[in-house]
Amino acid sequence: MAAVAVNEIRKKFGDVVAVNGISLEARDGEFMVLLGPSGCGKTTLLRIIAGLEKPTSGQILIDGQVVNDIPPRGRGIAMVFQSYGLYPHLTVWNNIAFPLRTQGMARDEIKRKVEWAAGLLGIDHLAQRRPRELSGGERQRVALARALVRDPTAFLLDEPLSNLDAKLRTSARSELKQFQRTVRTATIYVTHDQVEAMGLGDRIAVIDHGRLRQVGTPSEIYEHPADEFVASFLGTPPMNLIEREGGSMGFRPENFLPKELLNGAAVVEFPFRVDRVEYLGSEHILYGSLEGRAAKREVTAKLPAHATLKGISPGAWHVFAVRETELRYFDREGRRTQHP
Amino acid sequence: MTAIAVDAPRPKSRFLLDRPELVGPLFIAPAILYVFVLVALPFFLAIYYSVSAFTVFDPNYQFVGLKNFIDVIDSSIFQRTLINTFIFTIGAQVIGLLLGKFAAMLLMQEFPGRGIARALVVLPWAVPVSLATLAWLWMFDSLYSVINWTLVAIGLMDPARRWQWLGQQDLAMIAVTVVHAWRLFPFGVVIFIAGFTSVPNDVLDAATIDGAGFWRRNYQIILPIIAPIIMIAVIFGTVFTFTDLSVVYLLTKGGPINGTHVLGSLAFQVGILSGDVAHGAAICLFLFPFLLVAVIFLLRALRRREI
Chain A
-9 MAAVAVNEIR KKFGDVVAVN GISLEARDGE FMVLLGPSGC GKTTLLRIIA
41 GLEKPTSGQI LIDGQVVNDI PPRGRGIAMV FQSYGLYPHL TVWNNIAFPL
91 RTQGMARDEI KRKVEWAAGL LGIDHLAQRR PRELSGGERQ RVALARALVR
141 DPTAFLLDEP LSNLDAKLRT SARSELKQFQ RTVRTATIYV THDQVEAMGL
191 GDRIAVIDHG RLRQVGTPSE IYEHPADEFV ASFLGTPPMN LIEREGGSMG
241 FRPENFLPKE LLNGAAVVEF PFRVDRVEYL GSEHILYGSL EGRAAKREVT
291 AKLPAHATLK GISPGAWHVF AVRETELRYF DREGRRTQHP
Chain B
47 MTAIAVDAPR PKSRFLLDRP ELVGPLFIAP AILYVFVLVA LPFFLAIYYS
97 VSAFTVFDPN YQFVGLKNFI DVIDSSIFQR TLINTFIFTI GAQVIGLLLG
147 KFAAMLLMQE FPGRGIARAL VVLPWAVPVS LATLAWLWMF DSLYSVINWT
197 LVAIGLMDPA RRWQWLGQQD LAMIAVTVVH AWRLFPFGVV IFIAGFTSVP
247 NDVLDAATID GAGFWRRNYQ IILPIIAPII MIAVIFGTVF TFTDLSVVYL
297 LTKGGPINGT HVLGSLAFQV GILSGDVAHG AAICLFLFPF LLVAVIFLLR
347 ALRRREI
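These protein sequence lines map, in sequence, to chains A and B. Residues in the first sequence are numbered from -9 upward in steps of one, following the working numbering. Residues in the second sequence are numbered from 47 upward in steps of one, following the working numbering.
For the record, the hints were derived by calculation from the structure and aren't laboratory data. One or more hints might be untrue.
[What the hints assert, rightly or not] Lysine to aspartate or glutamate pairs mimicking DMTMM-like chemistry, simulated, CA-CA at most 25 Å apart: (1) A:Lys44 - B:Asp251; (2) A:Lys167 - A:Glu15; (3) B:Lys299 - B:Asp216; (4) A:Lys103 - B:Asp251; (5) A:Lys2 - B:Asp251; (6) A:Lys2 - B:Glu156; (7) A:Lys103 - B:Asp248; (8) A:Lys286 - A:Glu314; (9) A:Lys2 - A:Glu15; (10) A:Lys167 - B:Asp248; (11) A:Lys103 - A:Asp18; (12) A:Lys2 - B:Asp248; (13) A:Lys249 - A:Glu213; (14) A:Lys44 - B:Asp248; (15) A:Lys286 - A:Glu244; (16) A:Lys44 - B:Glu156; (17) A:Lys286 - A:Glu210; (18) A:Lys157 - A:Glu273; (19) A:Lys167 - A:Asp114; (20) A:Lys300 - A:Glu281.
[Claimed, not checked] Here are some of the chain B residues that sit facing chain A, going by a computed Cβ distance under 10 Å: (21) Asp248; (22) Leu250; (23) Ile255; (24) Asp256; (25) Ala258; (26) Ala273.
Given the structure is predicted, the values throughout are model-derived calculations rather than measurements. Glycine residues also receive a C-beta, built at the ideal position from the N, C-alpha and C atoms.
Model the full assembly from the supplied sequences, consistent with the hints where possible.
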């Protein structure tokens, strides 16, 4: 059953349409990621689910109940904010206990729950500290613990890793995934970072300009993008798109290889002129253009670092190729089509 | 012999202003001078006069020890004044800041004309105290009081027995306190608006999600977070009120029968208008221990609440 479902949600701020008719559901225990560029409406959608914003139209269901007219505290959701929203004047212990106190829970019960949540997230020893005495990673755990104690139907997370430094973000990401596997609570996670989305999500919903572009597992989204936007939003560098009759054709840079590396398979060849090469340690990125084809942007190829670059030199033409199975086709509107 | 052009050594004075050990003292000197001339000097002068028998009629310095202080403490006018000063200070703080808080909460809401409303609220600050107090003088006038007229019109006051706002001790005390609260009000509004806007939205949203209603959000989240800012407002307001004599002096001149004097106005009356500098200085110095205690207490509270 769907833990959280939204139905044809629209939200207008004045003349600006932030969310433009999105329908989506997150199943019990599912990790759903809302992915999109800044200002695409993903945070607004999350705030609508939380009850912090009222939708202009559309329905929100939590645990099968329509909650449009229920205030945030009655919705059975917990939220973790981008800057965590910890109460600066309260100790860690009191921060975690706060949502239970507002429910008028008995003192012993509060103590038991706070200790359980703090233990699960490994922050017991910080109980008497205040938020300003904590590191970014510790703050994030406190925010998670505060969300966890309430036994919510769903967690709503709004870019909770964006305030951490790059190194910490990687470890926090895997901890978060671990945590979600442990508590098995439906989670809706907003991010603009595709690596986070791919790494965390059971399913990803790609949103742009207030519209839902595609929902699917990370591999569906990556391998079979529903349109040109999804194709070019995911992947670093993104999918190469080149014009063809009746639309465009796309292929991932890592599938665009010197022809001799693709022996045996059915391939489509492209004469490729390399303009420059970037060495990134584990791989080389080759930037260039195709002969006789108008590309929608610079064409890139991604070669593993161990692959030989012998004979590939900037300014010269080379025969590159893509396996036919790796080619994707889009129609004039940018939507995916099965065949050329 | 040809002279070889030698680079003249650059005058050292050229970089004088790059040297922090010179620039620092230079920049801070005006502030120190200001504090010394306008604060320290009068303060020590007051101590000097307070232990003398100095009056404008007998300008010979004669040391009398603590006699002036004992005289002052024994005087019933002074005792009344001391109580008045506390009523005046605490009353004006409570009324001014409390109303300031509510007005700030209203002005935080979105509504058409909010900009104009905010500007109007700050107006009492912009009006010179003497002009404003004159306006209040008319409002409290025994015959033409608009306050009494209103109370009569809505039937809360017997027209035959109108209140003499400035003619009865307790009413006059209320009047001066209210006028001073009115002066503090814009300050309270501005401080509270600054406080409210400093609370991160994430924290407020988190509290809403966590189930905190209006009251809990206000008194368990917002108020503790902005407490340090409010503390500064209270310190400032207290010192400002405790040492103020303009409202009392302009509205009641300390009357009726010395019933509304505060320390500042009594000291002015005794020391300057009556020429008894020694007793005036002694009265003035009573301000000092209270202010010292108040400031130490509040600053310590402030450091504890630092977040």
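Mind listing which of the numbered hints don't hold for this structure, in increasing order? Of the numbered hints, all hold.
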